[in-house]
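Dock chain B against the given chain A, drawing on the hints supplied.
These protein sequence lines are chains A and B, in that order.
Quick note on numbering: the first sequence equals residues 1 to 285 in this note's numbering.
Quick note on numbering: the second sequence equals residues 286 to 387 in this note's numbering.
Note that these hints are calculated values from the structure, not bench results.
Here the structure is a predicted model, which means the values were calculated and not measured.
Where a beta carbon is used, it is the ideal one built from N, C-alpha and C, also for glycine.
A couple of the hints might just be wrong.
Stated by the list, open to error - Now the stretches of chain A that chain B is said to cover, found in silico as 3 or more residues with beta-carbon under 8 Å: (1) 183 to 197; (2) 205 to 219.
Stated by the list, open to error - Listed next, the in silico PhoX-like pairs over lysine-lysine satisfying Cα-Cα at most 25 Å (straight line): (3) A:K246 to B:K379; (4) B:K378 to A:K215; (5) B:K303 to A:K252; (6) A:K203 to B:K358; (7) B:K294 to A:K273; (8) B:K303 to A:K266; (9) A:K246 to B:K375; (10) A:K203 to B:K375; (11) B:K379 to A:K203; (12) B:K378 to B:K294; (13) A:K3 to A:K71; (14) B:K379 to A:K252; (15) B:K378 to B:K303.
Claimed, not checked - The calculated label-pair distances, taken between Cβ atoms and stated as ranges, are: (16) B:E337 to A:S281: 15 to 25 Å; (17) B:N329 to A:D66: 48 to 58 Å; (18) B:K294 to A:D260: 10 to 20 Å.
Here is what each chain is made of, one letter per residue.
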Amino acid sequence: MDKSLGVIARSVALKLIENRPEIQLICPVLLNTGDENYENFIKSSKVIVIDGCMTRCATKLVEKRDKRPFKRIFIPDMSKKYKIKPRKELILNEENEKFAEQIMEEISEELGEDEVEEVSKSREFEILDFFDITVDKYYFKVPKEGYYFNENDCWIKPEGKKALLGITDYLQNAAADILFVEFPEIGSEIEQFDDAGSFESSKTVLQLISPGTGKIIRVNKALENNPELMNQDSYQRGWFIEIELKDFEEDKELLMNGPDYFEYMKEKIMKEKNNLEQIGSEKDV
Amino acid sequence: MSKSYDAEKETFMGVPRKKIPWCPIIDYDKCNFCMECDKFCPHNVYAKNNDEKQQLIVKNPYNCVVFCRACAKTCAPDALKFPDKSEISKLIKKLRSESSGD
Chain A
1 MDKSLGVIAR
11 SVALKLIENR
21 PEIQLICPVL
31 LNTGDENYEN
41 FIKSSKVIVI
51 DGCMTRCATK
61 LVEKRDKRPF
71 KRIFIPDMSK
81 KYKIKPRKEL
91 ILNEENEKFA
101 EQIMEEISEE
111 LGEDEVEEVS
121 KSREFEILDF
131 FDITVDKYYF
141 KVPKEGYYFN
151 ENDCWIKPEG
161 KKALLGITDY
171 LQNAAADILF
181 VEFPEIGSEI
191 EQFDDAGSFE
201 SSKTVLQLIS
211 PGTGKIIRVN
221 KALENNPELM
231 NQDSYQRGWF
241 IEIELKDFEE
251 DKELLMNGPD
261 YFEYMKEKIM
271 KEKNNLEQIG
281 SEKDV
Chain B
286 MSKSYDAEKE
296 TFMGVPRKKI
306 PWCPIIDYDK
316 CNFCMECDKF
326 CPHNVYAKNN
336 DEKQQLIVKN
346 PYNCVVFCRA
356 CAKTCAPDAL
366 KFPDKSEISK
376 LIKKLRSESS
386 GD
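Excised from the complex, chain A in its bound form (with noise of 0.2 Å):
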């Protein structure tokens, strides 16, 4: 901390466990002598790393203890994204107690979502009554009750003046094991049929074309490190993104509920293994 960016790391620091009081500070100078509380008290929580300059003193000091940090923040880095040119003088000045702020303002909203997201993960989704349909090596289900759906085979389901967004069992067996998600950004506003967002598999790229108008308030980044949630279960914790809707009523015209949509893929479905085949037969002929 003999640098004005490490005096803005400090800063950082002391902002963030005045603001939340679960946080609680590790000195980095008693944790280098080997301090036992230390070691457990590691090994037990969330590391948030505020590195001041480049020698990045933090993270090599909790790396040597085999964590991942849950966040790393490098003063250098975020300075450059804040125009914030460093000092000479050690005492913050208005600027910099600024940018201070608003980098334990980041973090703390980082914590936030995080905590939000925990619960999502661990919130208990109704048991759904299906349609279903086996088609070859293929299973197919679509909701009865409670969901929307586009032609595009998307779903929305929605709860109040919010609605959850996802990909029907059509569209992730048409993708198969998808592996990356790319979500729009929270607090972007979609009209019906935009692009929101897109996932991966070995096999394709695919887009979520929204059913319904609205503004992105949350994305599933359980999805991020589970993508495969989409695939096993597309309904409910496979969902995409949340947002608050517009005009569900208008957005309902141009959407099927579970029994129409149902019938609507079991259609599409028929018409693709029939070209298939006769795709197959004309090979062989």
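Below, chain B without anything else, positioned relative to chain A:
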């Protein structure tokens, strides 16, 4: 018949597919004929063409899935455009109300 879709009979949201002008539009000033879109699209919308200036064409526009723009993501020179989505959904609503009024 080897074509995957019978465009004559296709509908989208109950509207004959041929009444919905949704398909990619190739900007030939930008297209470098890499054919990535053609390789990507599972619906045979695109085809190779012998014309030197237009080596890629939209051969089966009505095979294109209405509102799908996934091929545009594969296009490095950003040469693929689509019609205005809200205009198209307005048109679909109009055509649907007309046919239900019959």
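Quick one: which hint numbers does this structure break? Sort them smallest to largest. 10, 11 and 16
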